[in-house]
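Chain residues, written in single-letter form:
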Amino acid sequence: MSYVIEMQGICKDFSDVRVLFSVNLQVETGTVHALVGENGAGKSTLCKILAGFFPREVGEIVVNGQKVGKLDPRRAVGLGISMIYQEPNLAPLMTVAENIMVGQKLDFVINRNQLFRRAEEILATAGFDVNVRLPVSHLTAHEKQLVEIAKAISSDTQVLIMDEATAALSIPEKEHLFAVIRKLTQQGIAVVYVTHILPEVFELADWVTVLRNGKNVGTRKVSEVTPEEIIELMVGHKMSRATVEHCQEESEVLRLENVSNLPEVRGVSLSLCQGEILGIGGLAGSGQRELARVIFGVDQMDSGEMYVSGEKVAFKSPSDAIKCGIALVPRDRKEEGLIPQESLGHNIAVPSLPTLTRHRAILDRSEEKAMVQNQISRLDIVPPISSKVMEEFSGGNQQKAMIAKWLATKPKILILDEPTIGVDIRTREYLYGTMSELAKEGMSLILMSSDLKEILRLSNRVLLMRKGRFVGELPGDTAMEDEALRIVSLDERE
Amino acid sequence: MRESRLRAATIRERAPLAVGMLRNYVPWIVLVIVVVVFSSLDPAFLSVTNLMSILNAATIGGLLAIGLTFVLLAGGFDLSISSIMLVGGMIFGTLFINLQLSVGAAVFLSLAATTALGLVNGLVVTRVKLPPFIATFATMFVYTGMSLAIGKGMAIYFIKGPYFTFLGQGKLGAMPMPAVIFIIAAIVAYLVLRTTPFGRAVYAVGGNDKAAHMSGINVDRVRLVTYIISGFLCGLGALIYTARLEVANVVTATLAGYSTTLLDAIAAVMIGGISIFGGVGKMYGLIGGILLVFALSNGMGILGMTQAYHILAKGLLIVLAVGMDIYFRSGVSLRRLLKLDTLKK
Numbered sequence: 005m006s007y008v009i010e011m012q013g014i015c016k017d018f019s020d021v022r023v024l025f026s027v028n029l030q031v032e033t034g035t036v037h038a039l040v041g042e043n044g045a046g047k048s049t050l051c052k053i054l055a056g057f058f059p060r061e062v063g064e065i066v067v068n069g070q071k072v073g074k075l076d077p078r079r080a081v082g083l084g085i086s087m088i089y090q091e092p093n094l095a096p097l098m099t100v101a102e103n104i105m106v107g108q109k110l111d112f113v114i115n116r117n118q119l120f121r122r123a124e125e126i127l128a129t130a131g132f133d134v135n136v137r138l139p140v141s142h143l144t145a146h147e148k149q150l151v152e153i154a155k156a157i158s159s160d161t162q163v164l165i166m167d168e169a170t171a172a173l174s175i176p177e178k179e180h181l182f183a184v185i186r187k188l189t190q191q192g193i194a195v196v197y198v199t200h201i202l203p204e205v206f207e208l209a210d211w212v213t214v215l216r217n218g219k220n221v222g223t224r225k226v227s228e229v230t231p232e233e234i235i236e237l238m239v240g241h242k243m244s245r246a247t248v249e250h251c252q253e254e255s256e257v258l259r260l261e262n263v264s265n266l267p268e269v270r271g272v273s274l275s276l277c278q279g280e281i282l283g284i285g286g287l288a289g290s291g292q293r294e295l296a297r298v299i300f301g302v303d304q305m306d307s308g309e310m311y312v313s314g315e316k317v318a319f320k321s322p323s324d325a326i327k328c329g330i331a332l333v334p335r336d337r338k339e340e341g342l343i344p345q346e347s348l349g350h351n352i353a354v355p356s357l358p359t360l361t362r363h364r365a366i367l368d369r370s371e372e373k374a375m376v377q378n379q380i381s382r383l384d385i386v387p388p389i390s391s392k393v394m395e396e397f398s399g400g401n402q403q404k405a406m407i408a409k410w411l412a413t414k415p416k417i418l419i420l421d422e423p424t425i426g427v428d429i430r431t432r433e434y435l436y437g438t439m440s441e442l443a444k445e446g447m448s449l450i451l452m453s454s455d456l457k458e459i460l461r462l463s464n465r466v467l468l469m470r471k472g473r474f475v476g477e478l479p480g481d482t483a484m485e486d487e488a489l490r491i492v493s494l495d496e497r498e
Numbered sequence: 047m048r049e050s051r052l053r054a055a056t057i058r059e060r061a062p063l064a065v066g067m068l069r070n071y072v073p074w075i076v077l078v079i080v081v082v083v084f085s086s087l088d089p090a091f092l093s094v095t096n097l098m099s100i101l102n103a104a105t106i107g108g109l110l111a112i113g114l115t116f117v118l119l120a121g122g123f124d125l126s127i128s129s130i131m132l133v134g135g136m137i138f139g140t141l142f143i144n145l146q147l148s149v150g151a152a153v154f155l156s157l158a159a160t161t162a163l164g165l166v167n168g169l170v171v172t173r174v175k176l177p178p179f180i181a182t183f184a185t186m187f188v189y190t191g192m193s194l195a196i197g198k199g200m201a202i203y204f205i206k207g208p209y210f211t212f213l214g215q216g217k218l219g220a221m222p223m224p225a226v227i228f229i230i231a232a233i234v235a236y237l238v239l240r241t242t243p244f245g246r247a248v249y250a251v252g253g254n255d256k257a258a259h260m261s262g263i264n265v266d267r268v269r270l271v272t273y274i275i276s277g278f279l280c281g282l283g284a285l286i287y288t289a290r291l292e293v294a295n296v297v298t299a300t301l302a303g304y305s306t307t308l309l310d311a312i313a314a315v316m317i318g319g320i321s322i323f324g325g326v327g328k329m330y331g332l333i334g335g336i337l338l339v340f341a342l343s344n345g346m347g348i349l350g351m352t353q354a355y356h357i358l359a360k361g362l363l364i365v366l367a368v369g370m371d372i373y374f375r376s377g378v379s380l381r382r383l384l385k386l387d388t389l390k391k
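So the sequences go chain by chain: A and B.
Residues 5 to 498 in my numbering are what the first sequence lists, from first letter to last.
Residues 47 to 391 in my numbering are what the second sequence lists, from first letter to last.
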């Protein structure tokens, strides 16, 4: 048995937070080694360390029996380690051939025909059928993946790392990709395959390593393990079953009926009660973000109906939704949440501006100041200086500011999309406390998260989403985590 | 020991704020230096007459710069300002001289016309979704061509009329009338930006248009209004210019004059600390920038230095000002610099 890669005692910190704890990983030549674990378990980080994108704090990497010191992406490729990302890393306007040959030594003057021929040869040895003269922007997601793989092969790769490779593929494309991967392993290439989807592990992999909270909690031979055992390893305790308790729908504030915004949201129905925290869980990219955008009027629904407090609504823009008492704390602070160069106070006031005026034209600045101070102390934003520029606050305080900004509008319904991503543990606990308080005060909350633990802990009720549909409902109880994980990661095809 | 470390942290927390504020004072600090240097070299620089003539010279470029400031703060750009001014002057001349309209009607209609041209800029940016830099680069040509067409290439109008010339040549006490108009416009702009929801929305849109949209702001409407404001102020500039020279014409010499006005306005805005990336900048910084640009030209003129040195000095100041902007706002790409990104929903 020969290992092409041996990683030993790998540790990794992100700004003083340890995300990998002495992880070992051994990859056998010519096998598919699946890497599974919940969100934030450290799968991608481990892969990026192997591909040289992140430096490691401690630990050894041995490639073909040779210890390697510092790794960078170029050196990793030189050692035969290539990584294929979810988002293809290709130059869209250049041809397939140019993309494949980009890392190769070429003659000083490039002979285009020769270039095309060599690219065709590489594709042919791998058994791909892609026109090398097409610009990459004309290809489908799957074809782009094949080009990436061809690019890796052309640089004599021995280890191919694939992160969530089937996320954007149709079923036949997935079958084709798996066939390609099997063919690569026959040629002696090892594949490290990161996935959320357990059936793929059983379909494809020879070995499976489970990461939990940055630790390797077990490596098993796939032929000797059951899905239940893997879920147990991922979650850390035995599976349990429980009955779903439906909420008392006496005071419904929001109802969706068959709401679609294709392709991400497919016929979603839900009902939200006053003072309830409704969790919407699912793997990243299951449609939670898009659903939140539809409810808030950022995107418009293709079909379906929406009712706020019993009245039918159709929002054309977020300002319509705000008028109906809905607020959305978006996932991406920098892109959609905050205005980095404006002061904390101005950021908090933005959505409340229409209500802060005298005679509909002039801002009531004393009222604004009082409102801002109120929110700063409500959420304990540090430092409590309203004139300080937003981007100078820490991530946790930026997150608080984003919530403060929306609480200032006094919403009836608060939607939080991944509110604790990139937030330190103390702030996270504080936000959890705030959410519970808000619900007790009578606000209705929709919490969207791919962190199933978080969502089960906070919510009264959890709806599970997969590929744009609700596929299960659970009571908010952390003991349900294994069941939730089973629902979102199993039964890939229906 | 522990306490002192805590205090050090507080000072560090506040320090970037102080540095960030500096950008608005830099034009004033440089202005003071310039005034001190020029007045020590030639005392005539500080005479009331000369100071008033600086203010008077600054009015047209200043009005354009105020309009441009609104557009820039909302994340846009406007290269067509001096061309709108050209059209405004020609329309006024046609209405007032050729069509014998009253002063009031001609003033009103030409202001309406330049405001409409601003609206067109806004529509090209928000509806056709051209990047602002390219959209107004195009309309710059369109409007210049339009003014040539109105004037049939070479027509000159002699504008007579006591009420009207007062706009360009009259005085309110020691203060030239154009300077009065400029000061009023600056105060109104200051109040709008500082004390109205619209002003806040302008900063929000320029600072992060996606976040502004997600906060319920109608991003396109805010941008549109900034171009309308710019168009209106260009109209005011055109009227003052026409009243001052008693002529509305489009000959080569004036074309050159107009493009100088454009460059002066852009220079004043950049030196005044209005970020070309949008969302950052203050009116008092801008006023400093405007006065600095024109004080520099005036002072160098008094000292007998040629145009070459004025231009050179302005260029160096822009490098300083924009360099500071980029320094305070790291991670800005050339794409954003050239406004090649439009709002993607």
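Misleading hints may appear alongside valid ones.
[As the list claims (entries may be wrong)] Here are some chain A residues pointing at chain B (derived, C-beta under 7 Å):
#1 LEU266
#2 PRO322
#3 SER323
#4 ILE326
#5 PRO334
#6 GLU340
#7 LEU342
#8 ILE343
#9 GLU346
#10 SER347
#11 GLY349
#12 VAL354
#13 GLU371
#14 ALA374
#15 VAL386
Simulated from the structure, these hints should not be mistaken for laboratory data.
Positions of the beta carbon are idealized from the N, C-alpha and C atoms, including for glycine.
Structure-based check of each hint:
1. LEU266: violated (17 Å)
2. PRO322: holds (5 Å)
3. SER323: Hint holds; A/SER323 Cβ to chain B Cβ min 4 Å, cut 7 Å.
4. ILE326: holds (4 Å)
5. PRO334: holds (6 Å)
6. GLU340: This hint holds: A/GLU340 lies near chain B, its Cβ roughly 5 Å from the closest one there, short of 7 Å.
7. LEU342: It holds, given that the least Cβ distance between A/LEU342 and chain B is near 6 Å, below 7 Å.
8. ILE343: At about 4 Å, which falls below the 7 Å cut-off, the nearest Cβ of chain B leaves the hint on A/ILE343 intact, so it holds.
9. GLU346: holds (5 Å)
10. SER347: violated (9 Å)
11. GLY349: violated (11 Å)
12. VAL354: Interface hint status for A/VAL354: holds (4 Å vs cutoff 7 Å).
13. GLU371: violated (13 Å)
14. ALA374: This interface hint is violated because 16 Å lies over the 7 Å limit.
15. VAL386: violated (10 Å)
Of the numbered hints given earlier, the model fails hints 1, 10, 11, 13, 14, 15; all others are met.
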